[in-house]
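Asker: The listed protein sequences correspond, in order, to chains A and B.
In terms of our numbering, the first sequence opens at residue 1 and continues consecutively.
In terms of our numbering, the second sequence opens at residue 424 and continues consecutively.
The hints are simulated quantities; they were obtained by calculation from the structure and are not laboratory data.
Treat the hints with care, since some could be wrong.
[Unchecked claim] Beta-carbon label-pair distances, calculated as ranges:
1) A:267 to B:593: 28 to 34 Å
2) B:595 to A:127: 21 to 27 Å
3) B:608 to A:251: 49 to 55 Å
4) B:596 to A:21: 55 to 61 Å
5) B:652 to A:64: 40 to 46 Å
6) A:126 to B:689: 41 to 47 Å
7) B:587 to A:383: 56 to 62 Å
8) B:689 to A:68: 33 to 39 Å
9) A:352 to B:689: 50 to 56 Å
10) A:57 to B:763: 54 to 60 Å
11) B:587 to A:44: 36 to 42 Å
12) A:44 to B:597: 46 to 52 Å
13) A:54 to B:652: 32 to 38 Å
14) A:93 to B:595: 45 to 51 Å
All C-beta atoms, glycine included, are put in the ideal place defined by N, C-alpha and C.
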Amino acid sequence: MSTPVYLTGLGVAAPNGLGAGQFWDATLSGRSGITEITRFDTSRYPAGLAGQILDFAAENYLTGRLRIQTDRSTRLALVAADWALADAAVDTTAFNEYDMGVVTSNALGGFEFTHNELRNLWAEGPDAVSVYESFAWFYAVNTGQIAIRNGLRGRNNTLVAEQAGGLDAIGHARRTIRRGVKLMLAGGVDSAFDPWGWVAQLSTGQISLDRDPRRAYRPFDGTACGYLPGEGGAFLVLEEAGSAIARGVDRVYGEIAGYASTFDPPATSARPPALGRAIELALADAGLQPADISVVFADAAGIPALDRAEAAAISGVFGPRSVPVTAPKALTGRLYAGGGPLDVAAAALSIRDGVIPATAATSAVPDDYDIDLVVGHPRTGEAVTAALVLARGKCGFNSAVVLRAVALSTTHHGKGATTHDNL
Amino acid sequence: MAGEADFDPVFEGLSQREIRRMDRASQFAVVCAREAVTDSGLDFGTVPPERVGVSLGSAVAATTSIEREYLVLSDAGRQWLVDYEWASPHMFHYLSPGVMPAEVAWTVGAEGPVTLVSNGCTSGVDSVGHAVALISEGTADVMLSGASDTPVTPIVVASLDAIKATTPRNDDPEHACRPFDASRNGFVLAEGAAVMVLEEYERARARGAHIYAEIAAYAARCSAYHMTRLKADGRELAEAIRLALDEARLDPTAIDYVSAHGAGTKQNDRHETAALKLGLGEHAYRVQVSSIKSMIGHSLGAIGSIEIAASALAIDNSVIPPTANLHEADPECDLDYVPLVAREARIGSVLTVGSGFGGFQSALVLRRPGGS
Numbered sequence: 001m002s003t004p005v006y007l008t009g010l011g012v013a014a015p016n017g018l019g020a021g022q023f024w025d026a027t028l029s030g031r032s033g034i035t036e037i038t039r040f041d042t043s044r045y046p047a048g049l050a051g052q053i054l055d056f057a058a059e060n061y062l063t064g065r066l067r068i069q070t071d072r073s074t075r076l077a078l079v080a081a082d083w084a085l086a087d088a089a090v091d092t093t094a095f096n097e098y099d100m101g102v103v104t105s106n107a108l109g110g111f112e113f114t115h116n117e118l119r120n121l122w123a124e125g126p127d128a129v130s131v132y133e134s135f136a137w138f139y140a141v142n143t144g145q146i147a148i149r150n151g152l153r154g155r156n157n158t159l160v161a162e163q164a165g166g167l168d169a170i171g172h173a174r175r176t177i178r179r180g181v182k183l184m185l186a187g188g189v190d191s192a193f194d195p196w197g198w199v200a201q202l203s204t205g206q207i208s209l210d211r212d213p214r215r216a217y218r219p220f221d222g223t224a225c226g227y228l229p230g231e232g233g234a235f236l237v238l239e240e241a242g243s244a245i246a247r248g249v250d251r252v253y254g255e256i257a258g259y260a261s262t263f264d265p266p267a268t269s270a271r272p273p274a275l276g277r278a279i280e281l282a283l284a285d286a287g288l289q290p291a292d293i294s295v296v297f298a299d300a301a302g303i304p305a306l307d308r309a310e311a312a313a314i315s316g317v318f319g320p321r322s323v324p325v326t327a328p329k330a331l332t333g334r335l336y337a338g339g340g341p342l343d344v345a346a347a348a349l350s351i352r353d354g355v356i357p358a359t360a361a362t363s364a365v366p367d368d369y370d371i372d373l374v375v376g377h378p379r380t381g382e383a384v385t386a387a388l389v390l391a392r393g394k395c396g397f398n399s400a401v402v403l404r405a406v407a408l409s410t411t412h413h414g415k416g417a418t419t420h421d422n423l
Numbered sequence: 424m425a426g427e428a429d430f431d432p433v434f435e436g437l438s439q440r441e442i443r444r445m446d447r448a449s450q451f452a453v454v455c456a457r458e459a460v461t462d463s464g465l466d467f468g469t470v471p472p473e474r475v476g477v478s479l480g481s482a483v484a485a486t487t488s489i490e491r492e493y494l495v496l497s498d499a500g501r502q503w504l505v506d507y508e509w510a511s512p513h514m515f516h517y518l519s520p521g522v523m524p525a526e527v528a529w530t531v532g533a534e535g536p537v538t539l540v541s542n543g544c545t546s547g548v549d550s551v552g553h554a555v556a557l558i559s560e561g562t563a564d565v566m567l568s569g570a571s572d573t574p575v576t577p578i579v580v581a582s583l584d585a586i587k588a589t590t591p592r593n594d595d596p597e598h599a600c601r602p603f604d605a606s607r608n609g610f611v612l613a614e615g616a617a618v619m620v621l622e623e624y625e626r627a628r629a630r631g632a633h634i635y636a637e638i639a640a641y642a643a644r645c646s647a648y649h650m651t652r653l654k655a656d657g658r659e660l661a662e663a664i665r666l667a668l669d670e671a672r673l674d675p676t677a678i679d680y681v682s683a684h685g686a687g688t689k690q691n692d693r694h695e696t697a698a699l700k701l702g703l704g705e706h707a708y709r710v711q712v713s714s715i716k717s718m719i720g721h722s723l724g725a726i727g728s729i730e731i732a733a734s735a736l737a738i739d740n741s742v743i744p745p746t747a748n749l750h751e752a753d754p755e756c757d758l759d760y761v762p763l764v765a766r767e768a769r770i771g772s773v774l775t776v777g778s779g780f781g782g783f784q785s786a787l788v789l790r791r792p793g794g795s
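Bound conformation, chain A alone (with noise of 0.2 Å):
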């Protein structure tokens, strides 16, 4: 059961930077991804501000036959995993085909793809709907395309948890692995950048209505007023140790060392929130106490009682101030099922440079939420071994996934003679 799981491969599709590269260049500098959404005219709309990934070109990835069937998350999702792949230096064909899987999360489904689509049909019939429908828009289009990409044959799997499933994914793939699967790719990207797509994401109530892009999502601020969505996520190799090794891999971003989901109790109850048993159960999963944390990725709601309720879980398993807590996600909005996996690549990187990324846009949080927000500038100095990545979803998801650095001391003897240790 206790077969390590290592990260290998980082693929990245973020408001601020397409690659991995790109993304903490821009993560660590502080250069936003938030602008006025340029798709559709948003004056009718209460708000229109969104991290958009604007420079992405599809046609330079994609096929044509693969565009017109794929709604743009899709194309989001397959470029990343391909990313992710080339990172991780992975000759598909080296492995047997039922040892590579893929496990994607997916909160919205091929939406802008869909409202097309309902668009011909009321207005020009059924004839009008494209034969590409009944798979663009289901929440198993990424996990389908990108296995029919790749040819990954082994377990695959779709999972919906909102923002919290994209780190279901990723624990999920860490279990299909200790079942027998070598190679897995995880993960999750959304987009819905249309205008029906936006109304959706308007109706929680819980957008920001404020209309200054560099401040307008500033989670755990005392201020803070609602959060941004935005587009794209990550995905990542993930590996059993021993198979990694064995095919020479130079470079292992961490180990998937912990994992756990809880579900708040109904609002009726006078049970306590279950957000600090999540990181309690991932920090007991990868047999690590609170102390052994370097810094904690913030789900970071941007509306006051939810951030309330996460430093409370923080500060509750920690002590007050006890751990560093960032949230670069103040720079690309909240992804929905990318926003996990998207903070995890953060988290790799982290460990990787030894720098801690700032929360950008909040500048004052509250004495009494006792939490040590990074703000203002990257935090260095200190090693980073091992990261706690939490993510919320709405009607009460809970997921924490820890990753604990790993490191390779190669003896040059070629392939199969790496060891490794955990730090």
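Starting from the known structure of chain A, arrange chain B on it as the hints suggest.
Answerer: Using the frame of chain A, we list chain B on its own:
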């Protein structure tokens, strides 16, 4: 023409607020969950909420409400810039169906792992497989698991018609779905749900529960071939079947009944027949195989759980449901599909399989409780 359920949410005990809040698929799931909880005899007050989870399947989730709200917001397709003033406060939860397992969790106050499993037409097999994994690994003691889909809505009908997946036999609903028959020409879209209470065996036995069946194994593979087409050889489904038998430590000959996917499309029934031959070997020609889709249609993500429930009832009642409308088998479908009439038989083990858009191939084995 479609398989619609005779479902009145008021009669089923949902409050006006629940009816307003929940999409039809959530309503089905919650009503089934309450029935399952009652039927289980389990007092959920005696189980720590942290140890109770939910794994619910659905392929297209709140499609009914999404289309209804679209028509209002867009003024029946006239406005691309849809009118925010008409937005339902529940719109986001129609779009993002995490709310479906959440509604089920709230029926019993579950605080353990809760998720929606959405793998198209295998969702209802995979959701139960996921629940079993969570119990086996020790993450939960009790899982509410199953699936719900209510896809009988214009956009789904049009999108399936566009690829000719559904039968055009609209003038003869009862005889429209003809799995394995030479005259089959597509599936019948339907709605439905099934929810089960799953518990670790010793725990269920100790409290004296009526145990319908043991879920002995689950396995999945993917064909990674085409989003809607199937390779004729059925090798990935066969691989899932072999894996599930391995996990259950059963020889193919131990399978007494196969609850088939049997959608009634040309390609599925051939693919599945080939997979059963590959996966079960010679025993494929002796085992009794049937498709209840012939009677209740194909409720996409829900049907896998409905077929698991039917398999449990087959074990519990020692009877195999028939394949209706099978009068003249396709020469390429040459197994015993239990045509037309149910058969009484003591059933030790059942294999149930699913196959779906996205290449998902799933197999689950149920066994008579107590291993006898």
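Asker: Next step is simple, just say for each hint if it's right about the structure.
Answerer: How the hints compare with the structure:
{"no.": "1", "hint": "A:267 to B:593: 28 to 34 Å", "in the structure": "45 Å, violated"}
{"no.": "2", "hint": "B:595 to A:127: 21 to 27 Å", "in the structure": "24 Å, holds"}
{"no.": "3", "hint": "B:608 to A:251: 49 to 55 Å", "in the structure": "54 Å, holds"}
{"no.": "4", "hint": "B:596 to A:21: 55 to 61 Å", "in the structure": "58 Å, holds"}
{"no.": "5", "hint": "B:652 to A:64: 40 to 46 Å", "in the structure": "20 Å, violated"}
{"no.": "6", "hint": "A:126 to B:689: 41 to 47 Å", "in the structure": "22 Å, violated"}
{"no.": "7", "hint": "B:587 to A:383: 56 to 62 Å", "in the structure": "60 Å, holds"}
{"no.": "8", "hint": "B:689 to A:68: 33 to 39 Å", "in the structure": "25 Å, violated"}
{"no.": "9", "hint": "A:352 to B:689: 50 to 56 Å", "in the structure": "53 Å, holds"}
{"no.": "10", "hint": "A:57 to B:763: 54 to 60 Å", "in the structure": "57 Å, holds"}
{"no.": "11", "hint": "B:587 to A:44: 36 to 42 Å", "in the structure": "40 Å, holds"}
{"no.": "12", "hint": "A:44 to B:597: 46 to 52 Å", "in the structure": "49 Å, holds"}
{"no.": "13", "hint": "A:54 to B:652: 32 to 38 Å", "in the structure": "36 Å, holds"}
{"no.": "14", "hint": "A:93 to B:595: 45 to 51 Å", "in the structure": "49 Å, holds"}
Violated hints, listed in ascending order, are 1, 5, 6, 8; each of the other numbered hints is respected by the structure.
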